[in-house]
Amino acid sequence: MYTSFRPALLLAAGMLALASCNKDDTVAPTPAAQSQTVTSLSAAGTASSTGQPIAAKHYTFFSLADGKQVAYTDSNSTKWDVAFRGTTILTNSGTSGPGQGGAQVQSKLFTEVVAAPTDGYAVDAAKPAIPTGSGQGWYNYNSTTHIITPIAGKVLVVRTATGKYAKLEIQNYYKDAPAAPSATSAPGYYTFRYVYQPSGTALQ
Amino acid sequence: MARSLTAPVLRVAPLALLASRALAQQAGVPVLADTLRRQHLGEVVVTATRTEKALTDVAIPVSVIGGKQIKSMGSLRLGDVLREQTGLSLVADHGQGIQLQGLNSEYTLILVDGEPLIGRTAGTLDLTRVAIGNIQRVEVVKGPASALWGSDALAGVVNIITQKPQPGLSGNLRARYGTNQTTDLSGTFNAGGERAGLTVFGNRYSSAGYTLQPESGTATIPPFASYTGQSRFTYSLSERTKFSLSGRYFIENQRSTAPITSEAGTTADVDLRSRQTDFSLNPTLTHRFGGDKVFATARLYYSRYHTQEAYTYAADGSYYDATYFTQSFLRPEVQVDYSPRLNQTLTLGAGYQRQTVEATRYDEQQQLANGYGYAQYDWSPLTKLNLVGGVRYDGPSQYAGQLSPKLAARYQLRPWLALRGSVGRGYRAPDFRQLYLNFSNPTVGYSVFGTHQVQAKVAQLAQQGQLASDPATGEPIVYQAALAQAGSLTAESSVATNLGFLLEPKLPNKDFSYRLTVNAFRNNLQNLIETTTVALKKNGQAVFSYRNVTRAYTQGLELENSLGLPHGFTLGAGYQYLVAKDQAVVDAVAAGTVFRRDPTTLETERVRPGDYGGLFNRSRHSWNAKLFYDNPAHGFTASLRAIYRGRYGFADSNANTILDAANEYVRGYLLLNVAASKTLGPRLSLQAGADNLTNYTDPAYISTLAGRLLYASVAIELGKKPVARTL
Chain W
1 MYTSFRPALL LAAGMLALAS CNKDDTVAPT PAAQSQTVTS LSAAGTASST GQPIAAKHYT
61 FFSLADGKQV AYTDSNSTKW DVAFRGTTIL TNSGTSGPGQ GGAQVQSKLF TEVVAAPTDG
121 YAVDAAKPAI PTGSGQGWYN YNSTTHIITP IAGKVLVVRT ATGKYAKLEI QNYYKDAPAA
181 PSATSAPGYY TFRYVYQPSG TALQ
Chain U
1 MARSLTAPVL RVAPLALLAS RALAQQAGVP VLADTLRRQH LGEVVVTATR TEKALTDVAI
61 PVSVIGGKQI KSMGSLRLGD VLREQTGLSL VADHGQGIQL QGLNSEYTLI LVDGEPLIGR
121 TAGTLDLTRV AIGNIQRVEV VKGPASALWG SDALAGVVNI ITQKPQPGLS GNLRARYGTN
181 QTTDLSGTFN AGGERAGLTV FGNRYSSAGY TLQPESGTAT IPPFASYTGQ SRFTYSLSER
241 TKFSLSGRYF IENQRSTAPI TSEAGTTADV DLRSRQTDFS LNPTLTHRFG GDKVFATARL
301 YYSRYHTQEA YTYAADGSYY DATYFTQSFL RPEVQVDYSP RLNQTLTLGA GYQRQTVEAT
361 RYDEQQQLAN GYGYAQYDWS PLTKLNLVGG VRYDGPSQYA GQLSPKLAAR YQLRPWLALR
421 GSVGRGYRAP DFRQLYLNFS NPTVGYSVFG THQVQAKVAQ LAQQGQLASD PATGEPIVYQ
481 AALAQAGSLT AESSVATNLG FLLEPKLPNK DFSYRLTVNA FRNNLQNLIE TTTVALKKNG
541 QAVFSYRNVT RAYTQGLELE NSLGLPHGFT LGAGYQYLVA KDQAVVDAVA AGTVFRRDPT
601 TLETERVRPG DYGGLFNRSR HSWNAKLFYD NPAHGFTASL RAIYRGRYGF ADSNANTILD
661 AANEYVRGYL LLNVAASKTL GPRLSLQAGA DNLTNYTDPA YISTLAGRLL YASVAIELGK
721 KPVARTL
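Residue numbers (the numbering used here), protein chains in the order written: chain W, 1 to 204; chain U, 1 to 727.
No lab work stands behind these hints, which were simulated from the structure alone.
Do not rely on the hints blindly, as some may be mistaken.
Claimed, not checked - Pairs of lysine-lysine, DSS-like flavour, derived with a Cα cap of 27 angstroms:
hint, chain 1, residue 1, chain 2, residue 2
1, U, K384, U, K242
2, W, K127, W, K68
3, W, K127, U, K538
4, W, K175, W, K68
5, W, K57, U, K537
6, U, K537, W, K127
7, W, K79, W, K175
8, U, K678, U, K164
9, W, K57, W, K175
10, U, K164, U, K242
11, U, K538, W, K57
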């Protein structure tokens, strides 16, 4: 993996080269944060027989700290960090929850986000911290094929409900993460990987 | 446009004589004699300068496809002819369109006898609408021609020149039948007298269509039947004043059935009946003033295009949906050509055009008016040098005025070598959809407004409380910057450069002839129109409109060889190299901000500049090779044509919307087409042929390739035995 993008980095603008990949000059050593993968987390309602999206009644709440789903009845707590429904992703912040959450979207490789910034986080309001809409945040919508595709190279840097940091990359939006989703694939199933840092800002 | 040859043609006549095998036999005859000139300068074009000019003498790239060649190819519709030409690709997007110098079909103006065909769907003018049974020739101008022709002539112009009345009575009937029950019946009638002349053309074209993907439940091309009627009447009021009236009528009916899934998830078959009609009328008056130095043309063009579609449930015939679209176009225009000397012609023109559109998705009847004027000076300061400068100004009612200048030069470096170059601006006006659309998707809930009314519509939605509001301020969420851009939409434009040469050596053996044309082109496009989000609705959906943002370029090289061989053989070969890229993507890739995700491993990597393959649907390499055989003594013609289209981008598969991976390309393919015809006696001729001989198809990606198409046709000449036309 690293060897494959090293030439690209040499070509890339200096700013990026500085910001990434140089393992020596980043934050102080902290306990290694483990990369976790979640496959086909359902944020879908009762999918119709034709795969037409029918919005779920409730968000699907997820704790990055614990690496598991949280009951929607705990929505007004700091037990959850992110929540999914359809293409909308919430953080436990602002209008969404009582937590200290927030998010910012970075255009980088997942591995290049080596540390969470300490500021620049948006909180959920009428516009969620993670922008909605095709091409605005984490996905593109193809109006011809009606397929939702997570944009490559979008890393969601999340501040959790308790003020910790995590990075998250959405990889697929369809059930069982098909390589080529079609009109019959069931939408609203999140496959993503994330790194949660319980202390400090290091995210690798 | 029925103007006789002008001064510049006279000067190059000797060159043309040297060059052409047919003409070489006439060497030594005084070429200035009007009659000879009329007889022997066959390849005359009108689209490049809006005056008649010898093809070899124009300073910009023009190709001519003659009627004889079209017959020999066995083609039926305009798309069949154009897809075999160097530098042109047939693309399917709401009908068959043509890609020229790497630009989409909405950037090429399609004319019939110098007047535009109207009725584009999503920018594409469906070339299957145009029957070619009565075509004298097709002229293709490459490079922007807005300096003369105005909007849409950004990539170039295709001008279809129809038959003019000939002396005497004549006519023919032609019938053809082929694969997919494709039936084509046509007839022409010609009557020409001392002063008056008349041509009538009728055509019926029908097919059972074809289905490339049966599992989809819908036909790729559903069955259809179309009728074309075309007529021209000419009358010489005097030796100097001529009148002509042309008319065209086209109607096509199509019926198909497709399964449609409702929101509730139930699927039902829905019948679609569609009809499109296209009508035009074009009276023209020309007058040659005393001394023959001034030639004036006054023309009026009216055209109307109408479509209607009715959707009903197949089970019980009950209503599902219905749509219609009506466009009209009216244009009076005058043009004066003034040739004070043999080596200069000044062309001045002015006109006014008024278009209206009325459709299901527009509020009310919308109008677009445009007054314009153009001037062109065609000057040969030296016998070897020809300069053409032109400029046109369009003052449209709904967007900013457009000034389109152009400069072209041709220099005869050696008797066998001419250099030519041109620089010009082309533009394409925002279309009706971009100006006036008023559409809200009933199931998904988003809205699209044309820029003409987007500000009023957004204000209205805000007032009705339909927009999402920002809880911090309570204000509706409107993207003011995008909205301002949408409100001031202007034309898309390009500045293009074409540079090349024309090589026509005099070969020692008169049985051989050779011509090579080479042209390098670069189109810098700016202000390309794309959709943009201008506001957010309460239902979470967006309000869309249009804005000018994208910059792109296309560049490439085109070569065309023609080799005349003994015994009636002609060998042609053409090649185009093309690169077309979105400038914003080029910049973003260079900055390292574009990534891709392998859809299987889900690993993401950065896209490198070398990975970016440019705009979708462009082939880097395309070529053709054609062998024509003509044996007039035995009434036998034949042709074998090979058309190659190199691989081209189809769609993104790795989550970055751009073309950057091998599996995002459609495989390149080769089409082999053959045709042969034989006359049996003075009146009867037979033709048979096969298009796509190797039966190449790519059902998932290429809807326009139906597989092998076999056909046979019979033609009968009527009236007096036809004689060779004498122009």
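Handout entry: Unsatisfied constraints (hint numbers, rising)
Key = 1
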